[in-house]
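Participant: Residue numbers (the numbering used here), protein chains in the order written: chain A, 1 to 305; chain B, 1 to 305.
There's no promise every hint is true.
No copy is singled out in the list; a pair is fine if it fits within one copy or between any two copies.
[Unchecked claim] Subject to a maximum C-alpha distance of 20 Å in a straight line, what follows is the list of computed EDC-like cross-link-like pairs (lysine to aspartate or glutamate):
| no. | residue 1 | residue 2 |
| --- | --- | --- |
| 1 | K281 | D75 |
| 2 | K269 | D170 |
| 3 | K130 | D75 |
Simulated from the structure, these hints should not be mistaken for lab results.
Here is what each chain is made of, one letter per residue.
There are 2 protein chains.
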Amino acid sequence: MSAYSIGVDLGGTNLRVAAVDEQGTIVARVSEPAVFDSGPERVVVDICKVIRSIRERNGMEELHGVGIGVPGFIDMESGVVIGSANLPGFEGFPVRDQIQKNLGTRIILENDANAAALGEMWMGAGRNVKDLILLTLGTGIGGGIVFNGKILHGFRGMAGEFGHMTVFPDGNPCGCGNYGCLEKHASATAIAAMGRMMHFGRDTTSAKVFDLAVQGNPRAKMVFEAMGRALGIALASLINIFNFPLYLISGGPLPAWDFFAPAMMIEVKKRAFTFERTGAKIEKALLGADAGLYGAAYLPFQQST
Amino acid sequence: MSAYSIGVDLGGTNLRVAAVDEQGTIVARVSEPAVFDSGPERVVVDICKVIRSIRERNGMEELHGVGIGVPGFIDMESGVVIGSANLPGFEGFPVRDQIQKNLGTRIILENDANAAALGEMWMGAGRNVKDLILLTLGTGIGGGIVFNGKILHGFRGMAGEFGHMTVFPDGNPCGCGNYGCLEKHASATAIAAMGRMMHFGRDTTSAKVFDLAVQGNPRAKMVFEAMGRALGIALASLINIFNFPLYLISGGPLPAWDFFAPAMMIEVKKRAFTFERTGAKIEKALLGADAGLYGAAYLPFQQST
Numbered sequence: 001m002s003a004y005s006i007g008v009d010l011g012g013t014n015l016r017v018a019a020v021d022e023q024g025t026i027v028a029r030v031s032e033p034a035v036f037d038s039g040p041e042r043v044v045v046d047i048c049k050v051i052r053s054i055r056e057r058n059g060m061e062e063l064h065g066v067g068i069g070v071p072g073f074i075d076m077e078s079g080v081v082i083g084s085a086n087l088p089g090f091e092g093f094p095v096r097d098q099i100q101k102n103l104g105t106r107i108i109l110e111n112d113a114n115a116a117a118l119g120e121m122w123m124g125a126g127r128n129v130k131d132l133i134l135l136t137l138g139t140g141i142g143g144g145i146v147f148n149g150k151i152l153h154g155f156r157g158m159a160g161e162f163g164h165m166t167v168f169p170d171g172n173p174c175g176c177g178n179y180g181c182l183e184k185h186a187s188a189t190a191i192a193a194m195g196r197m198m199h200f201g202r203d204t205t206s207a208k209v210f211d212l213a214v215q216g217n218p219r220a221k222m223v224f225e226a227m228g229r230a231l232g233i234a235l236a237s238l239i240n241i242f243n244f245p246l247y248l249i250s251g252g253p254l255p256a257w258d259f260f261a262p263a264m265m266i267e268v269k270k271r272a273f274t275f276e277r278t279g280a281k282i283e284k285a286l287l288g289a290d291a292g293l294y295g296a297a298y299l300p301f302q303q304s305t
Numbered sequence: 001m002s003a004y005s006i007g008v009d010l011g012g013t014n015l016r017v018a019a020v021d022e023q024g025t026i027v028a029r030v031s032e033p034a035v036f037d038s039g040p041e042r043v044v045v046d047i048c049k050v051i052r053s054i055r056e057r058n059g060m061e062e063l064h065g066v067g068i069g070v071p072g073f074i075d076m077e078s079g080v081v082i083g084s085a086n087l088p089g090f091e092g093f094p095v096r097d098q099i100q101k102n103l104g105t106r107i108i109l110e111n112d113a114n115a116a117a118l119g120e121m122w123m124g125a126g127r128n129v130k131d132l133i134l135l136t137l138g139t140g141i142g143g144g145i146v147f148n149g150k151i152l153h154g155f156r157g158m159a160g161e162f163g164h165m166t167v168f169p170d171g172n173p174c175g176c177g178n179y180g181c182l183e184k185h186a187s188a189t190a191i192a193a194m195g196r197m198m199h200f201g202r203d204t205t206s207a208k209v210f211d212l213a214v215q216g217n218p219r220a221k222m223v224f225e226a227m228g229r230a231l232g233i234a235l236a237s238l239i240n241i242f243n244f245p246l247y248l249i250s251g252g253p254l255p256a257w258d259f260f261a262p263a264m265m266i267e268v269k270k271r272a273f274t275f276e277r278t279g280a281k282i283e284k285a286l287l288g289a290d291a292g293l294y295g296a297a298y299l300p301f302q303q304s305t
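Let's have the full structure, built from the sequences with the hints guiding it.
Facilitator: Here it is in structure tokens:
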């Protein structure tokens, strides 16, 4: 087979691994539950085992390297996770070097949201641009900035924290210490919280609010309009700041696009004078949960050019 | 003399030109009133005349090129001003090519706020970093993004419009169509407007509000606190977005730093969880009105490396 690289997406629940060739075709993939109970050493062993099994099937010599997306802040120079709410026991653990020692191949560690942004540029909705911003709506709101075809990391690997942009200075309190963070008003969690305020019941999820909106429930529609407005306020600021050609939205609430996008676009057009003037676009991301896998796999190709 | 380049700062009132050597020393400077009444052709003639006089004094052969900062949006490829509130008659005018034809040397056109950000990196408060953001408080609020030592332009040359970030979604209306833009709450104009609301009189300027604050006037101090809060809200979002090591403030209200900075820092610390954690800094810019001159002069050096 031709040259390939391996992308790893280490999530809170699943460990997903794919071998991807230079054309962006996934030639092999493995998914298994991620086991965190026994500490980071065990996770490293699991990752190495899966990678080794893929290498044995696909050949060793053509492997460009391994990219690993993890849900945490990474010190890019040392390859150490310096902070993560979703990776218990990983803070300060030298993930990259442990895996590199074990496998003897080049490992690149990356934040998962950054990897997803890069993946969308490589094989998704951003294939025609080199500059884009991705916002991922989930429990919180994460994201990544791709500039000149590369991830913009910031000096401590913490760039792209769009979820903590202030959209309402006196809005809902956030765990980060701020009030009115975007993610308190536009994440899947925020949609569910607004749904409960609309008396949809204690077990309300963003998917349930979506189902109700589809059925024509006016309060469910209002939830998505409120969420769309918050998203539009943040996007407008991002557009005025970056003047990038493309802004992508991904995550669980994406199917509700038709319910939140109109309110979002009203805010964007009102608040970002550069938007219509420049022909910038706000679109759905295309790769879903695979974006991070593609992006992780792309990293070794990118660094070898 | 050693190799030098020429920086031009074309402002609404003055045309300022400086010859700067590779070490960043200004070896010659000229300032004269900018005359816009007779159209852009006349402005080009004036610019060329001043540059020629400097070249005659300093020698032709060691000139690296000429950088020109103008208060407008620029199409970087064509060197054409595509929008400007302060350069009447310049929209669509091929400034760069006209000057290049006239002088026969390489001309680089740049937005003045971008040039100022680059100047601060080269010879000002950002000498120790390669990534910084500059906010300039004036009639409006402009700014520039320097990433990896270079200006981040955006795809239509409109990046860095920090003045139109939304800080209060239901705040004061802005000429851009938005409500609660940063510049409606934190520019010199906004300080003067708040001063008038505090009954400081019709002729209130931000300098007058500053004088009153120095004299201990509690309402003048409140104006700067309100302005500092708005600035802090925007800075916190920028910090969460970029994770850069340095954010600089410049412009007329800078002497009032001690009046607005405490409120600004309270907002930043509350709203940007990455701020204290990473050791990022918010500081005064150092070069004042010369930042744009330095940045413009640096452009030809940068492009020849």
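Participant: At 20 Å max between alpha carbons, let me know whether K130 reaches D75 within a copy, between copies, both or neither.
Facilitator: Between copies only: 18 Å across, 24 Å inside.
Participant: Which holds for K281 with D75 at a C-alpha limit of 20 Å: within a copy, between copies, both or neither?
Facilitator: Between copies only: 19 Å across chains, 32 Å inside a chain, cut-off 20 Å.
Participant: Regarding K269 and D170, is the shortest C-alpha distance of 20 Å or less found within a copy, between copies, in both, or in neither?
Facilitator: between (23 Å within a copy, 16 Å between copies)
Violated hints are absent here; each numbered hint is respected by the structure.
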